[in-house]
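Single-letter residue listing:
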Amino acid sequence: MSFTSIQDKVARGERLTREDALTLFHHPKLLELGALANTVREQRHGDRTFFNKNMRIEVTNVCMASCLFCSFAKLEEHMPGAQTMTVEQAWHELEQRLDDPPTEIHIVNGLHPGLPFSYYETLLRGFKKMKPDIHLKCFTAVEIHFFAAHYGLTVAEVLKRLVDAGLDSLPGGGAEIFAPEVRSRISHDKATGAEWLAVHRIAHGMGLRSNATMLYGHIETFDNRVDHMLALRDLQDETKGFQAFIPLAFHPDGNGMKNLPAPTAVDDLRTVAVSRLVLDNFEHIKSYWVSSTPDVAQIALSFGADDLDGTIIHETIYSAAGSTSPSGLSEADLVRMIREAGRTPIERDTLYRVRKEYSRASAPEAAVKVKERKNLTVITGPLDPRITGDAP
Amino acid sequence: MIPLVRIQLERANMLGWLKLREGARQNLRQDPRLAPLLHEGAEANAPVSAELMELGALADHIRQAEAGDDVYVWLLSDAAVTEVPVGTRPKGKKAVIVCRGEGLSLLGRIAAHRITADPDTLIAVDFSKAGLELAQVSLGFGANAFWGALSNKRGLPIAEDASKKLKGEGMVPLRELQRREIARVLRGARRNPIFVSTGEPERDAKSITAAENYEHAETGTAE
Numbered sequence: 001m002s003f004t005s006i007q008d009k010v011a012r013g014e015r016l017t018r019e020d021a022l023t024l025f026h027h028p029k030l031l032e033l034g035a036l037a038n039t040v041r042e043q044r045h046g047d048r049t050f051f052n053k054n055m056r057i058e059v060t061n062v063c064m065a066s067c068l069f070c071s072f073a074k075l076e077e078h079m080p081g082a083q084t085m086t087v088e089q090a091w092h093e094l095e096q097r098l099d100d101p102p103t104e105i106h107i108v109n110g111l112h113p114g115l116p117f118s119y120y121e122t123l124l125r126g127f128k129k130m131k132p133d134i135h136l137k138c139f140t141a142v143e144i145h146f147f148a149a150h151y152g153l154t155v156a157e158v159l160k161r162l163v164d165a166g167l168d169s170l171p172g173g174g175a176e177i178f179a180p181e182v183r184s185r186i187s188h189d190k191a192t193g194a195e196w197l198a199v200h201r202i203a204h205g206m207g208l209r210s211n212a213t214m215l216y217g218h219i220e221t222f223d224n225r226v227d228h229m230l231a232l233r234d235l236q237d238e239t240k241g242f243q244a245f246i247p248l249a250f251h252p253d254g255n256g257m258k259n260l261p262a263p264t265a266v267d268d269l270r271t272v273a274v275s276r277l278v279l280d281n282f283e284h285i286k287s288y289w290v291s292s293t294p295d296v297a298q299i300a301l302s303f304g305a306d307d308l309d310g311t312i313i314h315e316t317i318y319s320a321a322g323s324t325s326p327s328g329l330s331e332a333d334l335v336r337m338i339r340e341a342g343r344t345p346i347e348r349d350t351l352y353r354v355r356k357e358y359s360r361a362s363a364p365e366a367a368v369k370v371k372e373r374k375n376l377t378v379i380t381g382p383l384d385p386r387i388t389g390d391a392p
Numbered sequence: 001m002i003p004l005v006r007i008q009l010e011r012a013n014m015l016g017w018l019k020l021r022e023g024a025r026q027n028l029r030q031d032p033r034l035a036p037l038l039h040e041g042a043e044a045n046a047p048v049s050a051e052l053m054e055l056g057a058l059a060d061h062i063r064q065a066e067a068g069d070d071v072y073v074w075l076l077s078d079a080a081v082t083e084v085p086v087g088t089r090p091k092g093k094k095a096v097i098v099c100r101g102e103g104l105s106l107l108g109r110i111a112a113h114r115i116t117a118d119p120d121t122l123i124a125v126d127f128s129k130a131g132l133e134l135a136q137v138s139l140g141f142g143a144n145a146f147w148g149a150l151s152n153k154r155g156l157p158i159a160e161d162a163s164k165k166l167k168g169e170g171m172v173p174l175r176e177l178q179r180r181e182i183a184r185v186l187r188g189a190r191r192n193p194i195f196v197s198t199g200e201p202e203r204d205a206k207s208i209t210a211a212e213n214y215e216h217a218e219t220g221t222a223e
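As you go down the protein sequences, you meet chains A and B in turn.
Mapping of the first sequence onto the numbering used here: position 377 corresponds to residue 377, and the numbering continues sequentially without gaps.
Mapping of the second sequence onto the numbering used here: position 175 corresponds to residue 175, and the numbering continues sequentially without gaps.
Quick caveat, the hints were computed from the structure, so don't treat them as lab data.
By construction, the Cβ of each residue, glycine as well, lies at the ideal position given by its N, Cα and C atoms.
Treat the hints with caution; some may be incorrect.
What the hints assert, rightly or not - Taking lysine-lysine pairs in the DSSO-like style, the calculated list, with each CA pair at most 30 Å apart, reads:
id	chain 1	residue 1	chain 2	residue 2
1	A	Lys356	A	Lys240
2	A	Lys9	A	Lys29
3	A	Lys356	A	Lys128
4	A	Lys160	A	Lys258
5	B	Lys94	B	Lys19
6	B	Lys91	A	Lys258
7	B	Lys91	B	Lys19
8	B	Lys94	A	Lys29
9	B	Lys167	A	Lys258
10	A	Lys74	B	Lys167
11	A	Lys160	A	Lys131
12	A	Lys258	B	Lys164
13	A	Lys74	A	Lys128
14	B	Lys91	A	Lys74
15	A	Lys74	A	Lys160
16	B	Lys91	A	Lys29
17	A	Lys29	A	Lys356
18	A	Lys258	A	Lys74
19	B	Lys164	A	Lys29
20	B	Lys165	A	Lys74
21	A	Lys9	A	Lys356
22	A	Lys240	A	Lys128
23	A	Lys74	A	Lys240
24	A	Lys74	A	Lys29
25	A	Lys160	A	Lys129
Stated by the list, open to error - Per label pair, the in silico range of CB-to-CB distance:
id	chain 1	residue 1	chain 2	residue 2	range
26	B	Ser151	A	His150	44 to 52 Å
27	B	Arg6	A	Thr17	23 to 31 Å
28	B	Ser77	A	Leu351	38 to 46 Å
29	B	Arg11	A	Tyr151	55 to 63 Å
30	B	Arg6	A	Pro80	53 to 61 Å
31	B	Gly87	A	Gly13	51 to 59 Å
32	B	Pro119	A	Gly13	51 to 59 Å
33	A	Ala149	B	Gly170	40 to 48 Å
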């Protein structure tokens, strides 16, 4: 299958096959791939680019699973660096931001064997009591699966009790790579790919929305990535419950795969573009700036992505794995990044309802923002010295 | 160039620039959409946003047609040097334009230089300023040289004798590890790395020395 024939299929709105997806991953011209993904992105969303005001809380990093790619988890409570918040400490994280509150709390944790299930229910109830309209996007499918097995409940029972306590939707984490031959090597002691999908199927059946992720750039192959996307596409055909797909770049520092190199920016952009083209039933493709750095995430807005995630404050999982991205960005930072990329910033809530539509900045306005950014960051330098050297 | 890209370039009124390149580069450098990107203070009026992808596609097309897939790499002791070290300019290349900056405006600047530069000019990205991620992306916007100093994660120079123990390889100089990383980044962008030796610290059996004809140089040696 040639790139041109895939381009024709995309123009006709035809679904891409596994073979097409592999051709896209191997296509040597990155900008051609990006241009094709960008046409689909602009057909769906025009210049509109989404973000939200969210905060992340990781209440415990104690985790029974021993995933090779994780730099965040501690196997046992007494290990150096192990942390578990009391519910009061977790609530305080929101309490101190009530002057300019987020619209969403995103909670992802380790699989802690020593906490009672009531801890999580109390946690959610406390947040809702403090701010009833806050959206609680909490617990990956891996955690939900763990709760069911650990507390002797069904997945549906776990979800129902959490929904009763305030859960609004599920994040997309924990998907990693579904391929059993890879998953068994990098994360053998937690939910399988099939179990991850089953949790989301049940959640969607209960009316919950969720996201989906894919951890790429470690020991998986392009075939594994494509199969992962196709499994998500199949489930989305069935349930229509996914909101966004989020490719997550592997970071090697401080984990069991530290000898592997991290995926490069070209791989990041290629994966975003292919996912936009293959996942034709996903409304949104996120460029998660924490994973790919703000610079690359910004460029990805021209490679198929239409969402930058959110303000995040305060991310710890990727920073533990050596990410050089900041642990949070301000609303103004995100608006500026989107405008610089020639897009229109849209602040959304977790369910993609528009909260605020910004204007698309004119060039001079964007330029002012660039200068502000220079004062905040250090990436600048003298411009374009034309230099020549003597021939040998 | 695939039809989709050609159509986008036509819509952006950029295809005509290919003809202008043949005889009137000076005029091309005055084009109001390119000129701001070529000079200091480029961010003030740079059309970096909506037309960035088109600029990049055109620059990449020109790069491939005129310069191929080779990428020359200068590993310097100090990235701020203002001359190509004597004896390290590849044969047939008259000049190197080193582009510095940040984010999207850097990509726009590189593309503009590629579109307006003579074919025998190397367009370099200062990877020690831009970071390897952005530098790699810039290869799709017309860059065909890497220019910069080796440094650690804090941006400090790596000592000449610094090394790290690798399984099966013993102690490996950190500078060699960074060379390997840069080679991986370049190959990840489907390019051929050519390391240009810039003095004793970087010189080894696999590097290219001044007296060699680069057209016959060994490429992709650092992995």
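>> Just to be careful, I want the Cα atoms of Lys94 (chain B) and Lys19 (chain B) compared with a cutoff of 30 Å; is the pair within it?
In response: Holds, at roughly 22 Å.
> Between Lys74 (chain A) and Lys128 (chain A), is the straight-line Cα distance small enough, at 30 Å or below?
Replying inline: Holds - the C-alpha atoms of Lys128 (chain A) and Lys74 (chain A) are around 29 Å apart, at most 30 Å.
> Taken at face value, is the distance from the CA of Lys74 (chain A) to the CA of Lys258 (chain A) at most 30 Å?
Replying inline: holds, 16 Å
>> Against the 30 Å threshold, does the CA-CA distance of Lys74 (chain A) and Lys240 (chain A) hold or violate the hint?
In response: Given that 30 Å is the threshold and the Cα spacing comes to 35 Å, the pair is violated.
>> Given the hinted pair Lys258 (chain A) and Lys164 (chain B), is their Cα-Cα distance within 30 Å?
In response: Answer holds: Lys258 (chain A) to Lys164 (chain B) is near 14 Å, not above 30 Å.
> Quick one, are Lys74 (chain A) and Lys160 (chain A) close enough, alpha carbons at most 30 Å?
Replying inline: holds, 29 Å
> CA of Lys9 (chain A) to CA of Lys356 (chain A), is that 30 Å or under?
Replying inline: violated, 35 Å
> Does 40 to 48 Å hold as the CB distance between Ala149 (chain A) and Gly170 (chain B), or does it fail?
Replying inline: holds, 46 Å
> For the pair supplied as a hint, Lys240 (chain A) and Lys128 (chain A), is the alpha-carbon distance within the 30 Å limit?
Replying inline: holds, 27 Å
> Given the hint that Lys160 (chain A) pairs with Lys258 (chain A), does the C-alpha gap stay at or below 30 Å?
Replying inline: Not OK: Lys160 (chain A) and Lys258 (chain A) at ~39 Å, beyond 30 Å, violated.
> Is the distance from the Cβ of Arg6 (chain B) to the Cβ of Thr17 (chain A) consistent with 23 to 31 Å?
Replying inline: At 26 Å between Cβs, range holds.
> If you check the beta carbons of Ser151 (chain B) and His150 (chain A), does the distance land in 44 to 52 Å?
Replying inline: holds, 47 Å
The structure shown violates the earlier hints numbered 4, 6, 14, 17, 19, 21, 23, 24, 28 and 32.
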